[in-house]
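J.: The primary structure of each chain is shown beneath.
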Amino acid sequence: MKIVEDIPAYVKCRHVCRANLYSNRCWKFSQNIKEVSEEELFSYGHRACAGCGGTIALRLALKASGANTVASQCTGCMEVVSSPYPQTAWKIPWIHVAFENSAAVASGIEAALKALGKKEGVNVIAFGGDGGTVDIGFQALSGAMERGHNMTYICYDNEAYMNTGIQRSGSTPFGAVTTTSPAGKVSFGNKRPKKDMPSIMVAHGVDYVATASVAFPLDYMEKVKKAVAIDGPAYIHVLAPCTPGWGIPSEKSIEVARLAVDCGMWLLYEVEKGEMRVTYTPTVKKPVRDYLKMQKRFRHLSDELINKIQAEVDERWEKTFGIRKIF
Amino acid sequence: MPYRGYKNGIGGEVMPVRDVLHGSRCVAEAARLCDVQVIAAYPITPQTHIVEDLAELIANGELNAEYIMVESEHSAMSACIGASATGARVFTATSSQGLALMHEVLFIASGMRLPIVMANANRALSAPINIWNDQQDSISERDTGWIQLYVETNQEALDTTVQAYKIAEDKNILLPVMVNLDGFVLTHTIEPVEIPDKEEVEKFLPPYEPQVYLDPSDPMTQGAFADPETYMEFRIEQEKAMKRAFEVIRRVDEEFGELTGRSYGIVEEYNTDDAEVLLVTMGSVAGTIKEVIDSLDEKVGLLKIRVFRPFPKEEVLKALKDAKVVGVLEKDIVIGLGEGALFSEIKASLYPSSYRPKLLGFVGGLGGRDISMDNVREIISICKKAIKEDIDEVHWIGLKE
Amino acid sequence: MRPIGGHVKDIGSTKNLKTGGWRTFKPVIDMEKCIDCGSCWIFCPDMSVIRKDGEYSFNYDYCKGCGICANECPTEAIKMVLEEK
Ligand SMILES: Cc1ncc(C[n+]2csc(CCOP(=O)(O)OP(=O)(O)O)c2C)c(N)n1
Ligand code: SF4
Ligand code: SF4
Ligand code: SF4
Ligand SMILES: [Mg+2]
Chain A
1 MKIVEDIPAY VKCRHVCRAN LYSNRCWKFS QNIKEVSEEE LFSYGHRACA
51 GCGGTIALRL ALKASGANTV ASQCTGCMEV VSSPYPQTAW KIPWIHVAFE
101 NSAAVASGIE AALKALGKKE GVNVIAFGGD GGTVDIGFQA LSGAMERGHN
151 MTYICYDNEA YMNTGIQRSG STPFGAVTTT SPAGKVSFGN KRPKKDMPSI
201 MVAHGVDYVA TASVAFPLDY MEKVKKAVAI DGPAYIHVLA PCTPGWGIPS
251 EKSIEVARLA VDCGMWLLYE VEKGEMRVTY TPTVKKPVRD YLKMQKRFRH
301 LSDELINKIQ AEVDERWEKT FGIRKIF
Chain B
1001 MPYRGYKNGI GGEVMPVRDV LHGSRCVAEA ARLCDVQVIA AYPITPQTHI
1051 VEDLAELIAN GELNAEYIMV ESEHSAMSAC IGASATGARV FTATSSQGLA
1101 LMHEVLFIAS GMRLPIVMAN ANRALSAPIN IWNDQQDSIS ERDTGWIQLY
1151 VETNQEALDT TVQAYKIAED KNILLPVMVN LDGFVLTHTI EPVEIPDKEE
1201 VEKFLPPYEP QVYLDPSDPM TQGAFADPET YMEFRIEQEK AMKRAFEVIR
1251 RVDEEFGELT GRSYGIVEEY NTDDAEVLLV TMGSVAGTIK EVIDSLDEKV
1301 GLLKIRVFRP FPKEEVLKAL KDAKVVGVLE KDIVIGLGEG ALFSEIKASL
1351 YPSSYRPKLL GFVGGLGGRD ISMDNVREII SICKKAIKED IDEVHWIGLK
1401 E
Chain C
2001 MRPIGGHVKD IGSTKNLKTG GWRTFKPVID MEKCIDCGSC WIFCPDMSVI
2051 RKDGEYSFNY DYCKGCGICA NECPTEAIKM VLEEK
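So the sequences go chain by chain: A, B and C.
According to our numbering, the first sequence is numbered sequentially starting from 1.
According to our numbering, the second sequence is numbered sequentially starting from 1001.
According to our numbering, the third sequence is numbered sequentially starting from 2001.
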């Protein structure tokens, strides 16, 4: 994909920006989207809820990686909705084995392709939900990444165990209500901050680590392309809203994912050989309250807690983007 | 080590090599002979030498395989599943806690119909932790849908591992095979063995040709989600394949016999003709029993079960039909039932038949406790006593009072 | 194919279930307003926005009526209307 850089004079942007390269309300976006592969390697008819962010994450990943891909997948929503026997939504070779071992299965696939002399040009991707990645599949992922297999692990993060009915995972954010972290008279929901999985992957010395969001498809797909092209392990953590799990109307999944980035709750960056680069700088910093109040899982939060979250976000924002310059 | 010359016949003639090897090395040599392509394994006593020997074979260029040094047995089996589903011939080895950690994925390997071969060095399960031999580990996995073979000697360990690939990869079977060899008793004991010539093995076991595999040039899905409408048909297909396996195991063993002069059968009957007392067991303790039988001048026979899954009901009935008393000696205990698993299964096999020998169960050798020749003599005398009088059904052997 | 290993050779066969039946609202487009930005196409979780030479339409066999396309359209070219059944 070739990113169009120059905006011709006749295009009148809604707001002046320097970095809004990937936002869909942008001329550049519309030009670059024409470069995206038309080929659908993930088929319709899958059983995901209307507006499911996870399926967007899969669809876009396959568009970027292409047909020359073998994938493994953890048990979880995306596995269940995509492979109702005797049907499958997958048009690439795909395997599901268990909940916690997508990375280990993929390492076997990679080794077999090598042993059979077929690895050249074939991308190996392991998909996992946040539960299958940051919790139960953590060890298998750590092992596979540390061993340096030539594969890409993509965690689609919907911030809870959705398949089993919205239970808390290590990736559930502070304050969120899930069925196992309910809010009550003496509880405000999930008490712990979200596990910082991308940093853990960086600490593994993984060649390429990136965060992404389904609301920023070009950014995400660029990262998938980079990840699969690298001769070694790569990790992508893509935020993918879940409509029932987050308590949002089905049409809002992209909007809420975009807001997560615009308010600084979720940062888009990549770490290549240890070098970090922010890949998207929001033009306008939105208050986290807007993001939180959009979702039922946060709606109970008191002003005090919202301020606490805002303060944490501010601190991270400053570290990442420095003092905001107004253009 | 001295056994490296594989073609040492006069004038370059193809010849098996004779050597004195540990059981572990025998298994590793078998993997080499079978040209396994992917190995994923994790060390555990008493299996460790197998994975070390394999690493050495690869390091010396004697085996050309991808070796995945996984971070757990769960991942070992998962990686084997991924590699096998991609069309490679794969191998792993484990023991005890490692096998138990694999439990979940063992079902998946067989359910996905992947011809994985695994050596299991039989060892006791925790707690209390114990590294020595019994067979509780593999017995506890008897419902996972794996073909289970138990070996008596190092030679049999080698030969059975080679046979295992031919059984597993048979187009009508496609089931994983577990080759069980007693930890320490075999893995760490040297015995004289004959290593078949590689070219001969290649004739016996052609390269693996998977029926279906993950490949971008012909995409497919493996491991789809089955609902109540579809699940049961998968299960019965597995059961049917297990039934068909008897025939294949027998045929493969015969073919192997033609090649090497060694074959082992589904079960082995030793001195069973008109034996009044028939002992039944699995694994290396069969050797001790044979020795005792040889030293006695009595009507005592042995039925060695080599194939535990699929369970050879017919062979068992045929061997037991004339015995007055049958003593089943095994190194496992089904706690809460108060008897060993093999004993239960033999008892159940007898029910539809008209044979009614007295049945006694002997639990022994747990956690590596020695089963001596004296213990075997004691078992035989308890059996003989049972001919005349009613005695307890189950006896623990070698227990300290 | 006998039921073995959860194998499915018929790739993309979820198409045999027409999820369009799940819909309550359906997207309709006013091409006059469309600026061909591609947002609706790229964000559809059900591959149900059809994009051909700058013309956009919907695959109502599979569109679940989530409304993402309408919500993301920068020019409000797409409206969600109640499905008539
Ligand atoms: C070993 C094991 N434990 C628990 C489960 C039950 N289980 C299946 S999917 C799932 C949650 C999946 O969560 P996540 O990985 O976040 O994916 P999501 O469903 O949210 O997409 C759980 C708990 C299982 N299948 N296997
Ligand atoms: S529950 Fe959430 S993650 Fe699962 S299919 Fe529905 S929207 Fe997607
Ligand atoms: S309503 Fe949803 S499913 Fe239908 S076309 Fe629009 S984005 Fe796709
Ligand atoms: S989002 Fe709206 S403007 Fe953009 S292509 Fe679709 S209909 Fe046209
Ligand atoms: Mg999840």
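Treat the hints with care, since some could be wrong.
Listed next, the in silico DSS-like pairs over lysine-lysine satisfying Cα-Cα at most 27 Å (straight line) [as the list claims (entries may be wrong)]:
{"id": "1", "chain 1": "B", "residue 1": "K1358", "chain 2": "B", "residue 2": "K1240"}
{"id": "2", "chain 1": "B", "residue 1": "K1290", "chain 2": "B", "residue 2": "K1240"}
{"id": "3", "chain 1": "A", "residue 1": "K118", "chain 2": "A", "residue 2": "K225"}
{"id": "4", "chain 1": "A", "residue 1": "K91", "chain 2": "C", "residue 2": "K2009"}
{"id": "5", "chain 1": "A", "residue 1": "K226", "chain 2": "A", "residue 2": "K273"}
{"id": "6", "chain 1": "C", "residue 1": "K2009", "chain 2": "A", "residue 2": "K118"}
{"id": "7", "chain 1": "A", "residue 1": "K293", "chain 2": "A", "residue 2": "K273"}
{"id": "8", "chain 1": "A", "residue 1": "K34", "chain 2": "C", "residue 2": "K2033"}
{"id": "9", "chain 1": "A", "residue 1": "K119", "chain 2": "C", "residue 2": "K2033"}
{"id": "10", "chain 1": "A", "residue 1": "K34", "chain 2": "C", "residue 2": "K2026"}
{"id": "11", "chain 1": "A", "residue 1": "K34", "chain 2": "C", "residue 2": "K2009"}
{"id": "12", "chain 1": "B", "residue 1": "K1313", "chain 2": "B", "residue 2": "K1324"}
{"id": "13", "chain 1": "A", "residue 1": "K296", "chain 2": "C", "residue 2": "K2026"}
{"id": "14", "chain 1": "B", "residue 1": "K1240", "chain 2": "C", "residue 2": "K2009"}
{"id": "15", "chain 1": "C", "residue 1": "K2009", "chain 2": "B", "residue 2": "K1171"}
{"id": "16", "chain 1": "A", "residue 1": "K293", "chain 2": "C", "residue 2": "K2079"}
{"id": "17", "chain 1": "B", "residue 1": "K1324", "chain 2": "B", "residue 2": "K1358"}
{"id": "18", "chain 1": "B", "residue 1": "K1171", "chain 2": "A", "residue 2": "K119"}
{"id": "19", "chain 1": "A", "residue 1": "K91", "chain 2": "C", "residue 2": "K2052"}
{"id": "20", "chain 1": "A", "residue 1": "K286", "chain 2": "A", "residue 2": "K191"}
{"id": "21", "chain 1": "A", "residue 1": "K34", "chain 2": "A", "residue 2": "K118"}
{"id": "22", "chain 1": "A", "residue 1": "K194", "chain 2": "A", "residue 2": "K34"}
{"id": "23", "chain 1": "A", "residue 1": "K286", "chain 2": "A", "residue 2": "K28"}
{"id": "24", "chain 1": "B", "residue 1": "K1198", "chain 2": "A", "residue 2": "K118"}
{"id": "25", "chain 1": "A", "residue 1": "K28", "chain 2": "C", "residue 2": "K2009"}
These aren't lab readings, by the way, just hints derived from the structure by calculation.
J.: Hint by hint, say whether it matches the structure.
T.: Status of the hints after comparison with the structure:
1. B:K1358 x B:K1240: violated, 32 Å
2. B:K1290 x B:K1240: Distance ~34 Å between B:K1290 and B:K1240 Cα, so the pair is violated.
3. A:K118 x A:K225: Judged against 27 Å, a Cα distance of about 20 Å means the pair holds.
4. A:K91 x C:K2009: holds, 10 Å
5. A:K226 x A:K273: holds, 12 Å
6. C:K2009 x A:K118: Status holds; Cα separation ~20 Å.
7. A:K293 x A:K273: Distance of about 38 Å is beyond 27 Å: violated.
8. A:K34 x C:K2033: holds, 19 Å
9. A:K119 x C:K2033: violated, 47 Å
10. A:K34 x C:K2026: Holds, because 25 Å separates the two Cα atoms, which is no more than 27 Å.
11. A:K34 x C:K2009: Judged against 27 Å, a Cα distance of about 31 Å means the pair is violated.
12. B:K1313 x B:K1324: Holds: B:K1313 and B:K1324 sit about 18 Å apart, inside 27 Å.
13. A:K296 x C:K2026: holds, 25 Å
14. B:K1240 x C:K2009: Holds, at roughly 22 Å.
15. C:K2009 x B:K1171: holds, 18 Å
16. A:K293 x C:K2079: holds, 25 Å
17. B:K1324 x B:K1358: holds, 6 Å
18. B:K1171 x A:K119: holds, 26 Å
19. A:K91 x C:K2052: Distance of about 22 Å is within 27 Å: holds.
20. A:K286 x A:K191: holds, 24 Å
21. A:K34 x A:K118: violated, 32 Å
22. A:K194 x A:K34: Not satisfied, since the Cα-Cα distance of roughly 36 Å exceeds 27 Å.
23. A:K286 x A:K28: Roughly 23 Å between the alpha carbons, so the hint for A:K286 and A:K28 holds.
24. B:K1198 x A:K118: Within the cut-off at roughly 26 Å; holds.
25. A:K28 x C:K2009: violated, 40 Å
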